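2 protein chains.
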Amino acid sequence: MSNAEASLEHLFRVFTMPEHKDSTLSQIEQHLSDNLSDFLSRHVVAKRTSLEEIEQDFNDPHLPSQPEFVSTHAEHLLEKLVTNSVNTYAPTFIGHMTSALPYFHLSLAKLLVGLNQNLVKIETSKAFTPLERQVLGMMHNLVYEQSDTFYANHLHSAVHSLGAFCSGGTLANVTALWVARNTKLAARGDFKGVSKEGLVAAYKAYNINNLGLICSKRGHYSLGKTVDLLGIGRTNILHASVDSHTLDPKEVLALGKAYQAQGNDLLAIVGVAGTTETGHIDPLDELADVAQELGCWFHVDAAWGGATLFSDTYKPLLKGIERADSVTLDAHKQMYVPMGAGMTLFKDPAASTAVRHHAQYILRKGSKDLGSTTLEGSRNGMAMMVYSSLHVLGKSGYQLLIDQSIQKAKLFAEMINRHPDFELITEPTLSLLTYRYCPARVQTVLQSGEYDTHVINENLDSLIKAIQKQQREAGKSFVSRTRLGINAYPNECITVFRVVIANPLTTVAHLNDILEEQVKIASKVPLLNTLMTCIESVDHVTA
Amino acid sequence: MSNAEASLEHLFRVFTMPEHKDSTLSQIEQHLSDNLSDFLSRHVVAKRTSLEEIEQDFNDPHLPSQPEFVSTHAEHLLEKLVTNSVNTYAPTFIGHMTSALPYFHLSLAKLLVGLNQNLVKIETSKAFTPLERQVLGMMHNLVYEQSDTFYANHLHSAVHSLGAFCSGGTLANVTALWVARNTKLAARGDFKGVSKEGLVAAYKAYNINNLGLICSKRGHYSLGKTVDLLGIGRTNILHASVDSHTLDPKEVLALGKAYQAQGNDLLAIVGVAGTTETGHIDPLDELADVAQELGCWFHVDAAWGGATLFSDTYKPLLKGIERADSVTLDAHKQMYVPMGAGMTLFKDPAASTAVRHHAQYILRKGSKDLGSTTLEGSRNGMAMMVYSSLHVLGKSGYQLLIDQSIQKAKLFAEMINRHPDFELITEPTLSLLTYRYCPARVQTVLQSGEYDTHVINENLDSLIKAIQKQQREAGKSFVSRTRLGINAYPNECITVFRVVIANPLTTVAHLNDILEEQVKIASKVPLLNTLMTCIESVDHVTA
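Heads up: the sequence lines are chains A and B, in that order. Taking this note's numbering, the leading residue of the first sequence gets 32, the next gets one more, and so forth. Taking this note's numbering, the leading residue of the second sequence gets 32, the next gets one more, and so forth.
Hints are computed from structural coordinates only; laboratory data are not their basis. Be aware that a few hints might be false.
Since the list gives no way to pick one copy over another, a pair counts as held whenever it fits inside one copy or between any two copies.
What the hints assert, rightly or not - 30 Å max Cα-Cα, derived DSS-like pairs, lysine-lysine:
1. 426 <-> 235
2. 399 <-> 111
3. 288 <-> 378
4. 551 <-> 288
5. 441 <-> 507
6. 223 <-> 235
Bear in mind that the values here come from a model prediction, so they are computed numbers and not experimental data.
So that you can see chain A by itself, here it is in the shape it has in the complex:
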């Protein structure tokens, strides 16, 4: 056997020889399976505090020249990567939408890689294709509640799709608005449609200057990416109701009409069901009326809030979503599925025809290959995770999860309101809220209306920023922060803590600890003194 043959045979072992049961990697697996929370609290210990320090461990731009034993590498992963990851499972990690997941996803993840299906086409996915179509059907049913005959006719139809899976909410929004654009600017007369001839020819054929998209100022930043990508341009995002967290249908109508009167047309109104920053929900039912009157597409970005539909109690908050032409959902948010499970749902099963495409070796005409209407090409079988989660938790399980999250957020809001040194900034419509640290004395000064709030708020901003950073770095808990314009301070933006109650394991005691820790950090931050001095000087000057 030559050297090369020997090396090759050795190399093939990674494909054919299972990990030994006592290997480091098998032990990691075992620990994950036995006690995930223990694994994470033992290994995710933030050995290095600053990002710059961590970067030192990932600095080498050279390819490793020689193979390395799997166990050696697994040790390395534990020591350098896992240690300095984020414990998103921790019940005190309430700053973003990533949370604990059910145990069974660990095993399913392994099955998914073991099967390594590619859902772009049936030839590499087989049963996964009908499964994904069924999941889309179930989610379509959750939103649109059509008849059994409707689903019997469309679920597995080669010329229809009830939606499109994708890696996440951004692509779901892009897919929805791509379909909307191509539907709006379809072929007519000599014009062969925007897909074929492009946007410039389309605007000419339709005799318009611009296409606009209306959303609130809380619309997700992916909408900006979408109109950029689609060639519509970011300046054609029209923000209505800028003094509010949600759209006022009357203002949307007026804005839309004025825009159309200037020789433009509207691509879509985008209503949000659960804004990323504050969890607000636009008045969907009334927006559907407005979209109808303006003759434009109605898209609902329910990436966060869509799962609220599982709850009989809170579902009415989303009234009107069933009138949307398209809806974005993220199963990796409130459906507790691993990262990478976005979906666009279409009211009209023929809608995606506007972006249908073919190739010679796959996606042939008449095939049921999912890739014919998806934005992505090769994709994994993430739909299985959603399918399994729907079965193991059931609608009633999801209802409980949604209900307890919202109730906990409301409790937390009460706790903040009761605490003298905190200010609730936005109430939780769903399970998101924002608040800030603001000593009682400062609140009184601000509310008196006798002082220049701007300077005080700027000082508070720095204080909030410092508290948030120190709390994150201490590693026990995490809230995020954002900047919001609120009615109390027109023409200002203030920095606030942002909380997402997503983890079912978060208790009221955890929430209490987080507030206590913030008070404690605040008391030691020099900025608090600066702020109090500032208050005194403001007092002094204006009194």
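With chain A fixed as given, assemble chain B onto it according to the hints.
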């Protein structure tokens, strides 16, 4: 405890109680770990043959109302889903680019879900962010081979990115050409750039009618989606060298100049390094010259062939790739990483500034959040799979894998050439080839030049289609099929078998079996008789 509380407590168990060691799901896991190939051959047994039958198992559009035991559900998955999946690990599955993966990815998949990081921002990924940047740096180094100082300056820079991770090659192509478009149509004078003002304003500001993209007819179908999405329009894809599998630089230059002379400009020339259908490589170095002369972006779609750069032997085939402005790579193809690991690499680390975006709660200016320049938002830590694979296999391991794949493809081509009843249609440049079944007698007739080849080829097409379908349905092996225009039959397209030698475990014996099986199927297909009768009648008529 109320009923609701009891249900909630029960529900929380899926988050807190590990799977029992004897549970069905744990047993599945164990089987996967112990012997993946055995698991697949026992469970992926194609109980149902037609897609319509499988669809019956995934027909219910109603949400499961009540929770189900994990074990009950796991049984269900085995019986309905796994059974009717595709065994992409089988060494006789040589029809597509999905293949066996190293064992360690099974464990890593579990770790990835256990950690559940979100790479859109550092706050939910921490060490995963520098890790992803390092992987992009290593892959950039593989393609562009810049100095150590270059990487020291850019690898972790907040205002640079050496590339962008994404779910696959389609998004990688979209990302590259999005950056190209926004760079081409950047702000100038009063015009604020295409990102802000849109495509119509941009064409006006730059005084052009259209933007075109030049590629060969073998360019991936995602390029069509890309120009559709970007608003450029599918008719502005200009196919040069339509009689060839690869671009002729002179023709590209002439086509580009003629197009520009008509008041248009060029967005990009896209060279392919390993076409999906046939594995051909465009003359990249000369195309780089042409792109320079035409003043347009040069993108190389190396989703399949990029990994060839690991091989010192075959790397010269890609000469010139280092001159591309952007390069698409798919680690889930020849880097043997699970589905979902696409990348765009940028020659200029500042290129992605053209699509940079911000939000208040994340991606703040100056942050190193990866989401500031990616097309997707939330993303999982797939970069870890690439990182680990690079370490465990090493450059030398990848070199061996690439070399043996190409060598095996060349051997297979020889086997086909030697066999009297097969015709090699396209030679393997890399590890892809196409061929067809064509009985020796028919080959003689076709080559004689005395007959109308069209009728004979149509009969052959049906025969190939039938053989491919029956072989797939028999479940032992799988080759794909496509339709190609080749020089031997101008103005015709013929149906061919398409083979991708990706699985390292495929042996020459397997390849031999596949040919033998095709001969056997052919002998039983009534179409063969039809074909032979047709030949006789053609003989008869024209002799």
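Numbers of unmet hints, in rising order: Checked against the structure, the hints that fail are numbers 1, 4, while the rest are satisfied.
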